[in-house]
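Asker: We have chain A already, so just place chain B on it with the hints.
So you can see what is in the structure, the chains are spelled out below.
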Amino acid sequence: MNRKKLLIFVAAVIVIAAAVFVCIKPVKNYINSKKEYTASGFYMNTYVTANITGAMSEETTNIILTNIDTLEKLCLSKTVEGSDVYKLNEKNSYTVSQPTLDAIVTALDVCEKSGGALDIGIGGLVDLWNVNQGASRPPDEKQISAIKGNRYRNISVSGSEISLSDSSKIDLGSVGKGAACDSARQIAEMSGIKRAVVSIGGSIMLYGEGSFRVGIASPEKGSADYIAAINTSSGFVSTSGTYERFFDYDGVRYHHILNPVTGYPVQNGLASVTVVSDSGILSDALSTACFVLGIEEGKKLAAQYGCQAIFVTDDKKIYSTNGIKNQIEITDNSYILAD
Amino acid sequence: MNTRLLKKADIITLSLIVLICIASILIMRCSGGNLNAEIIVDGKVLQTVDLNSIDAPFTVITATSPETEITVEKGAVYFSRSGCENQLCVKSGRLTQKGATAVCLPAKVVITVSADKSVDAVTY
Chain A
0 MNRKKLLIFV AAVIVIAAAV FVCIKPVKNY INSKKEYTAS GFYMNTYVTA
50 NITGAMSEET TNIILTNIDT LEKLCLSKTV EGSDVYKLNE KNSYTVSQPT
100 LDAIVTALDV CEKSGGALDI GIGGLVDLWN VNQGASRPPD EKQISAIKGN
150 RYRNISVSGS EISLSDSSKI DLGSVGKGAA CDSARQIAEM SGIKRAVVSI
200 GGSIMLYGEG SFRVGIASPE KGSADYIAAI NTSSGFVSTS GTYERFFDYD
250 GVRYHHILNP VTGYPVQNGL ASVTVVSDSG ILSDALSTAC FVLGIEEGKK
300 LAAQYGCQAI FVTDDKKIYS TNGIKNQIEI TDNSYILAD
Chain B
0 MNTRLLKKAD IITLSLIVLI CIASILIMRC SGGNLNAEII VDGKVLQTVD
50 LNSIDAPFTV ITATSPETEI TVEKGAVYFS RSGCENQLCV KSGRLTQKGA
100 TAVCLPAKVV ITVSADKSVD AVTY
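For the record, the sequence lines run as chains A and B. Letter by letter, the first sequence follows residues 0 to 338 in numbering that gives the first Met the number 0. Letter by letter, the second sequence follows residues 0 to 123 in numbering that gives the first Met the number 0.
Hints are supplied without guarantee of correctness; some may be wrong.
As the list claims (entries may be wrong) - In silico BS3-like pairs for lysine-lysine, Cα to Cα no more than 25 Å straight-line:
{"hint": "1", "chain 1": "B", "residue 1": "LYS107", "chain 2": "B", "residue 2": "LYS90"}
{"hint": "2", "chain 1": "A", "residue 1": "LYS315", "chain 2": "B", "residue 2": "LYS90"}
{"hint": "3", "chain 1": "A", "residue 1": "LYS4", "chain 2": "B", "residue 2": "LYS7"}
{"hint": "4", "chain 1": "B", "residue 1": "LYS43", "chain 2": "B", "residue 2": "LYS90"}
{"hint": "5", "chain 1": "B", "residue 1": "LYS43", "chain 2": "B", "residue 2": "LYS107"}
{"hint": "6", "chain 1": "B", "residue 1": "LYS97", "chain 2": "A", "residue 2": "LYS220"}
{"hint": "7", "chain 1": "A", "residue 1": "LYS220", "chain 2": "B", "residue 2": "LYS43"}
{"hint": "8", "chain 1": "A", "residue 1": "LYS220", "chain 2": "B", "residue 2": "LYS107"}
{"hint": "9", "chain 1": "A", "residue 1": "LYS316", "chain 2": "A", "residue 2": "LYS299"}
{"hint": "10", "chain 1": "B", "residue 1": "LYS97", "chain 2": "A", "residue 2": "LYS34"}
{"hint": "11", "chain 1": "B", "residue 1": "LYS90", "chain 2": "B", "residue 2": "LYS73"}
{"hint": "12", "chain 1": "A", "residue 1": "LYS77", "chain 2": "B", "residue 2": "LYS107"}
{"hint": "13", "chain 1": "A", "residue 1": "LYS72", "chain 2": "B", "residue 2": "LYS43"}
{"hint": "14", "chain 1": "A", "residue 1": "LYS324", "chain 2": "A", "residue 2": "LYS299"}
{"hint": "15", "chain 1": "B", "residue 1": "LYS6", "chain 2": "A", "residue 2": "LYS4"}
{"hint": "16", "chain 1": "A", "residue 1": "LYS90", "chain 2": "A", "residue 2": "LYS72"}
{"hint": "17", "chain 1": "A", "residue 1": "LYS3", "chain 2": "B", "residue 2": "LYS6"}
{"hint": "18", "chain 1": "A", "residue 1": "LYS220", "chain 2": "B", "residue 2": "LYS90"}
{"hint": "19", "chain 1": "A", "residue 1": "LYS220", "chain 2": "A", "residue 2": "LYS316"}
{"hint": "20", "chain 1": "B", "residue 1": "LYS107", "chain 2": "A", "residue 2": "LYS72"}
{"hint": "21", "chain 1": "B", "residue 1": "LYS43", "chain 2": "A", "residue 2": "LYS34"}
{"hint": "22", "chain 1": "B", "residue 1": "LYS43", "chain 2": "B", "residue 2": "LYS73"}
{"hint": "23", "chain 1": "B", "residue 1": "LYS90", "chain 2": "A", "residue 2": "LYS316"}
{"hint": "24", "chain 1": "A", "residue 1": "LYS220", "chain 2": "B", "residue 2": "LYS73"}
{"hint": "25", "chain 1": "A", "residue 1": "LYS77", "chain 2": "A", "residue 2": "LYS90"}
{"hint": "26", "chain 1": "A", "residue 1": "LYS315", "chain 2": "B", "residue 2": "LYS97"}
{"hint": "27", "chain 1": "B", "residue 1": "LYS7", "chain 2": "A", "residue 2": "LYS3"}
Honestly, the hints are just simulated from the structure, not real lab data.
Isolated chain A, as found in the complex (with noise of 0.2 Å):
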């Protein structure tokens, strides 16, 4: 090989592995990109995404979805006619199917265990505010004392058949996003697919091995920024917060939480609870109870179910129970870890 050959050779070789190491990495995300999928849409009155990864991906994402439609509209919405709540909030009596009686049951539990903190009887006290359906200003301050009060204590459970002592109005909107991720997850296991990441307005069931990172919203900007992250493993995870739902009347801000006894929303310095926990409808009811009780009793409730919380304040501190701690990064300099 003469000199100019070899150097041509060398040359040649130099450059081909330079391209090699420069493409080696999105030849491999393009691979893996084949196996991903993601979809989203409006579903349970909110925006819903599936992120799902392994084979039969797509497949695995459009069956989530539409589970979650289903479970909208046959069992735990309120408002859409010929839902299980929707006839039992109708004719006070009815016999539920399965997915409703599951989360009518959990969510009972989580009532009387926080003394009250969620109620899922307070479907009129929520239909009065209508803070969900975009209210603008607070209603009479006699229809709330009229109606506030727990409720929970008005249902009660037989079989299948839920029954309502009085004119209680169950609403599962503390608790329909988390057992919807329930279900998800109960999809993705069955799928045999390797990771998936379903969003349900903001409840998030986490599948797979390795670790997720998920952001806490912004109480400024909502989802569109976040305050800190959480590195957690397979789970589900749920926020309640007050800039989520919330109209503003002669300078005060009147939020969807609301306080069953009080009748009015919780006014407590908290800005959003998050619960981390292996049930997506615990999650879910708990951060709404968390909320309510504020932080040392929502401490204390986490406990009793094995959960992790997060509590955001309106000035900007961080408080969590102690088994979550070393997973959280403050991501928002202007946040502080509290305890």
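Answerer: Just chain B, lined up with the frame of chain A:
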């Protein structure tokens, strides 16, 4: 006759090629890359834009009920106007970070900046 296969000049040439390759790789890795924003209406992608390549700001008006106006500018995308009652989408402000999402539920319009996997999801 010089029996050495590579002369000093050849080594310099090869060194230059190596340096150019390394510099190219570094430039490719360190450059900002794409910051893709997607405008999604009722689950379907209406438009995808690379926010880093925007020279002049422009707006996208969605033919939804209520109607929303989305402003796209260099490095940012946001709901600039919406016919919805609660205005939560407009209050979400400018989206500049990868993974950020703003939603107008009444109009079923979503704007999202492509995730870089710095987080897998945001809980809210």
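Asker: Are any of the numbered hints broken by this structure? If so, which, sorted upward?
Answerer: Violated hints: none at all, because every hint is consistent with the structure.
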